[in-house]
Amino acid sequence: MTATRPVSAPAADRVLPPVDLEPLRRRRIRRALVQLACVLVSLLMVVPIVLVAFAALSTSDELAEFPKSFVPSDWTLDTVRGFVTSTGVLPAFGNSVLTGLYTVVLSLAIGAPAGYALARHAFRGRDAYQVFMLMVRALPIVVLSVPLATIFLRAGAYDTVAAVTLVHTALAMPTTVLITASIFVAVPAELEEAARVFGCTRAETFRRVVLPLAVPGLAAAAVFTFVLSWNEVLGAGVLTIGHRTLPAQVLVALADSPQSYRFAGGLALVLPALLFILLMRRYLLSMWGSRG
Amino acid sequence: MRSRIPWLLLAPSIVFMLLLFGWPLVQGVLAAFRSGDSFTVDNWTRMWGDAYFGRALRNTLLLTVVVVPVQFVLAIGMALLLQSRPKLAGVHFYLWTIPLAMSELAAGLVWLSIFSNRGYLNSFLSWLGIAPDGIGWLDYDNPAGMLFAVVVAEVWRATSLVFVIVVAGLQMVPKDFDEAAQVFGATAWQRLWHVTLPAIRPSLQVALILRTILAIQVFAVAQALTGRNFPLLVGETYQWYVNLQNAAVASALALVVLAISLAVSIVYLRTLRRERA
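These protein sequence lines are chains A and B, in that order.
Residue numbering for the first sequence is 1 to 292, as defined by our numbering.
Residue numbering for the second sequence is 1001 to 1277, as defined by our numbering.
Careful: at least some of the hints might be erroneous.
To be verified - Once the Cα atoms are required to be at most 25 Å apart in a straight line, the calculated SDA-like pairs of lysine to any residue come out as:
#  : chain 1 : residue 1 : chain 2 : residue 2
1  : B       : Lys1087   : A       : Pro23
2  : B       : Lys1087   : A       : Leu43
3  : B       : Lys1087   : A       : Leu36
4  : B       : Lys1087   : A       : Ile29
5  : B       : Lys1087   : A       : Ala37
6  : B       : Lys1087   : A       : Leu279
7  : B       : Lys1087   : A       : Val34
8  : B       : Lys1175   : B       : Ala1188
9  : B       : Lys1087   : A       : Arg25
10 : B       : Lys1175   : A       : Arg27
11 : B       : Lys1087   : A       : Arg26
12 : B       : Lys1175   : A       : Ile29
13 : B       : Lys1087   : A       : Val46
14 : B       : Lys1175   : A       : Ala32
15 : B       : Lys1175   : A       : Leu24
16 : B       : Lys1087   : A       : Leu275
17 : B       : Lys1175   : A       : Arg28
Please keep in mind that the hints were generated in silico from the structure rather than gathered at the bench.
Produce the entire structure from the sequences given, and follow the hints as far as they go.
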């Protein structure tokens, strides 16, 4: 297969010109370089995560050493345990999960119907609505976090999971609408029409025909929304004091916490990302493909 | 009857967004110009007079100007690499998109383990013998070092967003374009510049606007790496609200962020439209 020198003619009387292997060689080198570049980028992505994991699994004595050995000499869970048991971390974890789940439910409940309308109906004002959603998406979170904190304070809803949920839902809404629209577009309208012909009501059609087909996409959208809520720092930090989410808790504790706390916190915030992307992997491109 | 159904479906989202975006926006503008019950610009002079404001403004703009172009070059390069179908493409794609699900704060803490004084980078440099005592990357009197660290962390975290948008765009470009150019003898560079990039122009525009606006809002990365030593506008808003308990100045700062975001979006949209015409 891998001929490295010119192939000579089989019969002595018929001399073929030597095969030029140069293009093939160049192609191979190119392939090898592409392969190498890919591995390098992957290493660049992975090594920092591995390092923070090493740091989080080192003893605090070892963290204070310099120069530090790359692989910790004695592995320990003390640093991680110290983080998990420090004040507020476990409740904050619970708050994060709750906020994330509520945000998913609320944003799908409000956003999915809008997405369905965009996918199925041509109506006047459709473009205006889409522009409205895009504009909202371009607004920075700070602009609403600070005034909302004041509003919630007056309404007695400050420092609650509900308040954070509302802000996260508002943040997720434009994307939820766009993603669900692209999911419902992919469900053939003919199936819906067939169901109506066979006597299903509008609601039944939706529940028994459209929904089952849309479920995988909706699940991916749900994960996406959950991640958005899970990672959001600023709004959660501004809106809460006692009922913080995990990132807000870590952010507030940063200033007066030892390095070991920060690295263990970093690892705790990074690990879920590995799982989230694994769950969403197949849908990532279609989510961002639909013109954002 | 028929035309009322879509609006019934849209109504909840419109009402919700008006309540959670429109109302706070109005309240925020009012709060920034009010002290007690009277109109005032005191909040603005106070914001302006704060020693951190100028630095925060400069750092924010600087960070955006440096990070966004780097991310685009990297993201396009990564997308092209993946486009040429390397082995284990699926694994690479997974690894390159992990930061997409990572919070700013997490990315900052990850890079803190590398850039801190006794961190992995200094350990490595010391091991190489380049800097036996390490370099104070994050020292308060080393703005260049801090900028570098924040840029690296931010590039690492947010390039994957551009990458995914570009890959999605590339998938919609028919292969024939590239092949035709190849047949006519275009070099790889010419094909990229005259065929591939123009074909994914809409995706690039979306990514450019989105990324720039998000870059202006960065704060937790810098907070995790440097505390308040490398101030950014949104970080200052947080400081004024949470630590200094001054919602009025915080609102003023938030409006500055809003104004910059809007200005950038308008400039982008105008330039891009003019170029297309």
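Going down the list of hints, with the structure as the test:
1. Lys1087/B x Pro23/A: Holds. Lys1087/B to Pro23/A sits at ~21 Å (cutoff 25 Å).
2. Lys1087/B x Leu43/A: holds (15 Å)
3. Lys1087/B x Leu36/A: Between Lys1087/B and Leu36/A the Cα gap is close to 10 Å, so the pair holds against 25 Å.
4. Lys1087/B x Ile29/A: Given pair Lys1087/B, Ile29/A holds - Cα atoms ~14 Å apart, limit 25 Å.
5. Lys1087/B x Ala37/A: Holds. Lys1087/B to Ala37/A sits at ~12 Å (cutoff 25 Å).
6. Lys1087/B x Leu279/A: holds (22 Å)
7. Lys1087/B x Val34/A: Since the Cα atoms of Lys1087/B and Val34/A sit roughly 10 Å apart, the hinted pair holds (cutoff 25 Å).
8. Lys1175/B x Ala1188/B: holds (14 Å)
9. Lys1087/B x Arg25/A: holds (18 Å)
10. Lys1175/B x Arg27/A: holds (19 Å)
11. Lys1087/B x Arg26/A: holds (18 Å)
12. Lys1175/B x Ile29/A: Distance of about 23 Å is within 25 Å: holds.
13. Lys1087/B x Val46/A: Satisfied, since the Cα-Cα distance of roughly 18 Å is no more than 25 Å.
14. Lys1175/B x Ala32/A: holds (23 Å)
15. Lys1175/B x Leu24/A: It holds: about 22 Å lies between the C-alpha atoms, which stays within 25 Å.
16. Lys1087/B x Leu275/A: holds (23 Å)
17. Lys1175/B x Arg28/A: Distance of about 22 Å is within 25 Å: holds.
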